[in-house]
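If you want the building blocks of each chain, they are given just below.
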Amino acid sequence: MATVADLLKRPDVKETVLKTVQLDGQVVLKIMQHCDGAQPSIVTGQLLGLDVGQTMEVTDCFPFPSPEDDGDSSTNYQLDMMRCLREVNVDNNTVGWYQSSVLGQYQTQEMIETFISYHDSIKKCVCIVYDPQRQQRGQLGLRAIRLKDSFIELFKEQKLTGKDLREAGVGWRDVFVEVPIKIHHSSLAQALIADLNPAPGATAGDLERLSLANAGYLSKTMANLIECMDDMLAEQGKVSMYHRNVARQQQQMAAWLQKRNQENIARRAAGEEPLPEEDPVLFKPIPEPSALDQYLVTSQIAGYCDMLGAAAEKGMAKMYLVQAAQKAAQH
Amino acid sequence: MASRFWTAGSDSDEEEVDASEEENSSSEEESSSSSSSSSSGSDSSSDSDSDSDSDSDSDSDDSDAPKKGAARFLAGSDSDSDSDEDRRVVLKSAKDKRFSELTDTCDEIRNKMKINDWSAIQGLFDELNKRLERARKVSEAVGTPRVYVRMCVELEDFLNDTLANKDLKKKMSSTNAKALNTMRQRLKKHNTSDEFAEAVTKFRENPQEDEEEEEEEEESSSSSSESDTDGEREETEKRPAGAAKKKDKLLTMDSAEITYEMVAKKLREIVTSRGRKGTDKQEQLREIVTSRGRKGTDKQEQVEMLQFLANVAKGVPQKLEVLLQLVGSLFDLSPGISNYMKVGLWKRCMLVMLEIMDTLQANEAIVLDDSAEPSEERTAEPVAGEDGKVRVWGNLVAFVERLDDEMFKSLQVIDPHTHEYMARLRDEPVFLALSQKVHDYLARIGDVRNQPKVALRLIEHFYYKTDAVYDAMRKLTMLQQEEAAASAAAHPEGAVAAASAAAETAAAANTSNEPGEEQTADDKVALPVPLDFSMDESSTAAMKRLVGIVFTHGDERAKARAMLCTIYHKALHGDFHSARDMLLMSHLQDNVMLMDISTQILYNRSMAQLGLAAFRLGLISEAHSCLQELYGSGHIKELLAQGMAMGKFQDKTPEQELLEKRRQMPFHMHISMELLESSCLISAMLLEVPAMASSPLSVKKRVISKSFHRILDTYNRQTFTGPPETVRDHIMAATRALMRGDWSGAYGAVSALTVWQLVPQRESVLDMLKKQLKEEALRTYLFSYSAQYRSLSLDQLCTMFEMDEKAVYSIVSKMMIAEDLHGSWDQPTRTIVMHSIEATKVQSLAGQFADKATLMVELNERAYAFRTGGLRDDDDMGGGGGGRRGGRRGQDGQWEDDGGHGGRGRGRGPRLGAARMGLGQGGQDFGGHRRGGGGGGRGDRGGFRASGFSSNMTSGLPDRFQRRGPYRQQANPNMQALGSISRPGGGVGGGPGGGSYNRPLGGDRRDRGL
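Note that the protein sequences, when read in sequence, are chains A and B.
Using full-length UniProt numbering, the letters of the first sequence map in sequence onto residues 1 to 331.
Using full-length UniProt numbering, the letters of the second sequence map in sequence onto residues 1 to 1010.
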């Protein structure tokens, strides 16, 4: 029996490891349409699909109404929507949500909270983050994000101080996990695409890709980065303040203990009952600041750095290209 | 119980009786003496007081107590003779009233002591203390009245008796016992307090003598101040008798001094030896000398004595001795270091001194020498030594210094806006003459030890005088001399006689109590300038002569002071360069911190004057470096000793305040604060505005003048800016105009300042300012607006700034060389072609980001150091700090003086420091890159900066000259050195002593941190 149970359990265990997210073409298009249209505000929507083994198949999605509407109607809307979709025979299984982001900003506390709330019902929920600006620059602006399981556990227990996280061995990289995205089309759609997309001729060069004007993007990212640095500095300030307070308290405690010791010695000499040497009332432990924000900011910074790196890399490549082209023209 | 009361009462009574007996005996003495003298009313009135005391004591009847007042009064009026009554009314001042009050209270207490009523005694004792305070206020006397001391002692004795009597204590009522205990404690504290302990013990040691003295005091209208009353008495005596009749005077002296046995004896000797000459006088003189400085000696008497002796002295040396003693005694008359000598007294001293000098001049064989044996050990007339010189003991230099100090003090105290102050200033030539004479005399006898002292005093009278003032003074001297000559011609008996006559009047004036009277008497004292005194043609010549003497013979302090005076003087006369060279070559700025405060003040004054001189010459950055630390400290008033700072944050003890008050400069020596402020702010403006315009974007601006920035910020924050009123307003208005490149507006605002009237070369200074403003406006304009131009015509610039072509050309070229202006000349069209290479947004953002990152690394390190603990001290105190600073600045591509410190810091904290060094260098490279990438030709800028960094590390070269590229060329070594001297210049304030002078400034705090 035990072995059968094991066997039954094993696939379960394996399943928890999500390897890929498979997006249907229409989902991608829908997300893009919704997010592009709502720019620059940030919008969200529901992802529907199936959890198949190591892949998460997202087969459909629908947008949430803009957050200006009150919460009641939005929950109602969600339920209504699900019902309607079921009626038209769409997967009405919620697997996560999508949201737009501005220049790769998504690592926020709310994001984690949403993840946690989804996690209660859907163990393997994903979030598709779509960056319209990135997309406009000719890169795929989609990324599938998950929370790491170890982090989720910690978060649920609210063990988020630096010490806890260190002990659990969770680094800032271990908060979010990016899951590779696979875009899936039905065979019919693939055929259509193949039909729609003619092979590029020599004359129809994709010159837009050669545009060197990425200063705006760079400067925006830079500005965001600087903002993040400010946040980071603030966080750092909190930590050092905490350390200072702790040190001060320890000093006070030591002084108090010494005093109490002496007092006790005196009392003992006088034959009286010594006073207790612990006084929990006097020195409340100072709560250690949460390290979560640091982690988030750090990963945000890392994201920005990656973006900048990529942009710079591309820019350099283009420069070399242009240089070579010029040289060739001269000869 | 009653009987015990009685016994207790009688105990004290016995004492009382004793005391009264003593009093009686002494008052008998008194009356015998008063018969010979024309006794004043005040004497008898106080006599009556003591009489009434004894009366009431002998009564010793409790029921008598309420009647006491009346009885006392009756007794007093009985003993008073009617003829005296009038005078008594005249003389009984507030002071007398207070003292009679005191006596009354004492009597009351005695009565209560008899009935053992301690609660009443307690109340009365309080009242007595209050009265004492009041009496003190009125009489301004420092001592405690005898009456009071005696009361204290009596009370204490009685108290002890009562305490010893256990039974009595038991039987007291509870309130009474309580009062007794309170009294015991209070009296204990009271009698052992510093104020009274001495007086009480003295009284106890020798009640007899004190009784006598007290008697005398009581007799002299119960006042405590001996000299005052004595003077009063003498005055009253002298007036009717006339000053000329010496016999009368002696008689009165005799009578007055009769209680002082010794003096009286000596006086008798004088009377007997009047006709005789020689050895006796030596003896008398010796006695006077020995009695001088002892307590209980009547100083006024001595002065009179000596004056008389001076007239009757035989032989020049003896006369000199007497005169010298006279000067000393006159000094003794002035009340101490906190108050200044009365002007009349001072003048008298001057006259005597002049007389001494005349005598010395006339008799070249006599040598004054403070190493010669004092006269008291000789009985015979001093004989001429082998070299034919007669040595007489005396220290002229000390006298001269004292006179100088007193004059200084009086000028400090007198309100500078009164005629009194002017009148006092008129005395200066005479002092100068005297000092000159003493100086010449010292030169003649070859006293190189003291000569520089006098020379220094003279220098300190000359150094702050501008040519105009000096000339005025010279004219005044000559005028006074002419007058003196005229009066001498009119009275052929000669100047000396006139002088002594003047001395007489002065003596009369000084002894008077009424201030008004003194005033008039002061005016009467004519202090003629000696005819043989002539001032040098110019103050420069005088300075040169005197400074030479100090430099050859003076000690270190004298040399330093003379040097500072010279610097001040040279700066005042516009010779900035040689003044600066002197300052630098003497290395005064290195060790001025170790000198006394008055020298430090002098140093500050010299620095201020140096700055003003540089400003007048248009050497703006020099002026700024001289002035900014003085001005930026916010304590300029204290630093220059021209007024007390109203510091909210530091509470000064009264002693500190007193010390500071004593350091204040007299008004006529002040350096105009407003002028200093204007000069400092204008130079700051001229330096700062183009600098601000050159780097508007950079986050951490290089701040040239913090105080200027502060003022500018507050000015900019104002919601409404009215027309300028203060110096600051004017300069801020000018700053605003200058920031727009509007030189004429700036000039208008600056030239509207009223302080320029104080500048002797007003026109040239204003011209200089105009020129400077134009130049800086041009630079600012180019900095601010060059980005808006594609090309700029030279002619247009010339017309805009009303400058000639050459000047514009040179300024623009300098800016181009320094890479401040990104453009080049297009000669044929006479235009500047701009190469706009504004850093892109990404670049500036990258720079910003780099700053942030560095900051973060730094914080991380600190946090880490905190965790590990061991490195904290190093990190916080200096090494790390310096390194960090260096690193941060490195990011910005801007270096401050800290570079050197940073280097040192790295040396100290090797581990962390090394990491930082790497970081700093990285930042440096980064900065270079950034600019290189953005600016095409600007790549070398980073390199330049880097070299600046290394030079900072090694030589501490002030980067002022690095920053302002174009000025690098004209930076000669001296200027650089001047740049670096500014730091100690500001640090002058620090040093030993109290008050705010202790406060380290600017650079030296940093040095201490390291």
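Hints are supplied without guarantee of correctness; some may be wrong.
Here are the computed lysine-lysine pairs in the DSS-like style, where the Cα-Cα straight-line distance is at most 27 angstroms [said to hold, decoys possible]:
{"no.": "1", "chain 1": "B", "residue 1": "K770", "chain 2": "B", "residue 2": "K806"}
{"no.": "2", "chain 1": "B", "residue 1": "K852", "chain 2": "A", "residue 2": "K314"}
{"no.": "3", "chain 1": "B", "residue 1": "K841", "chain 2": "A", "residue 2": "K220"}
{"no.": "4", "chain 1": "A", "residue 1": "K318", "chain 2": "B", "residue 2": "K841"}
{"no.": "5", "chain 1": "B", "residue 1": "K852", "chain 2": "A", "residue 2": "K238"}
{"no.": "6", "chain 1": "B", "residue 1": "K661", "chain 2": "B", "residue 2": "K637"}
Keep in mind that the hints were calculated from the coordinates and are not lab data.
Inset, instruction - With a cut-off of 27 angstroms on the C-alpha distance, tell me whether B/K841 and A/K220 pass. - result: Holds, because 10 angstroms separates the two Cα atoms, which is no more than 27 angstroms.
Inset, instruction - Take a quick look at whether B/K661 and B/K637 sit within 27 angstroms of each other, Cα to Cα. - result: The given pair, whose Cα atoms are some 12 angstroms apart, holds under the 27 angstroms limit.
Inset, instruction - Below or equal to 27 angstroms on CA atoms is what counts here, so check B/K852 against A/K314. - result: holds, 26 angstroms
Inset, instruction - For the pair supplied as a hint, B/K770 and B/K806, confirm whether the alpha-carbon distance does not exceed 27 angstroms. - result: holds, 17 angstroms
Legend entry - Restraint status (C-alpha distance of A/K318 to B/K841 at most 27 angstroms): holds, 21 angstroms
Legend entry - Proposed proximity, A/K238 with B/K852 (alpha carbon, max 27 angstroms): Roughly 17 angstroms between the alpha carbons, so the hint for B/K852 and A/K238 holds.
Every hint from the earlier list agrees with this structure, and none is contradicted.
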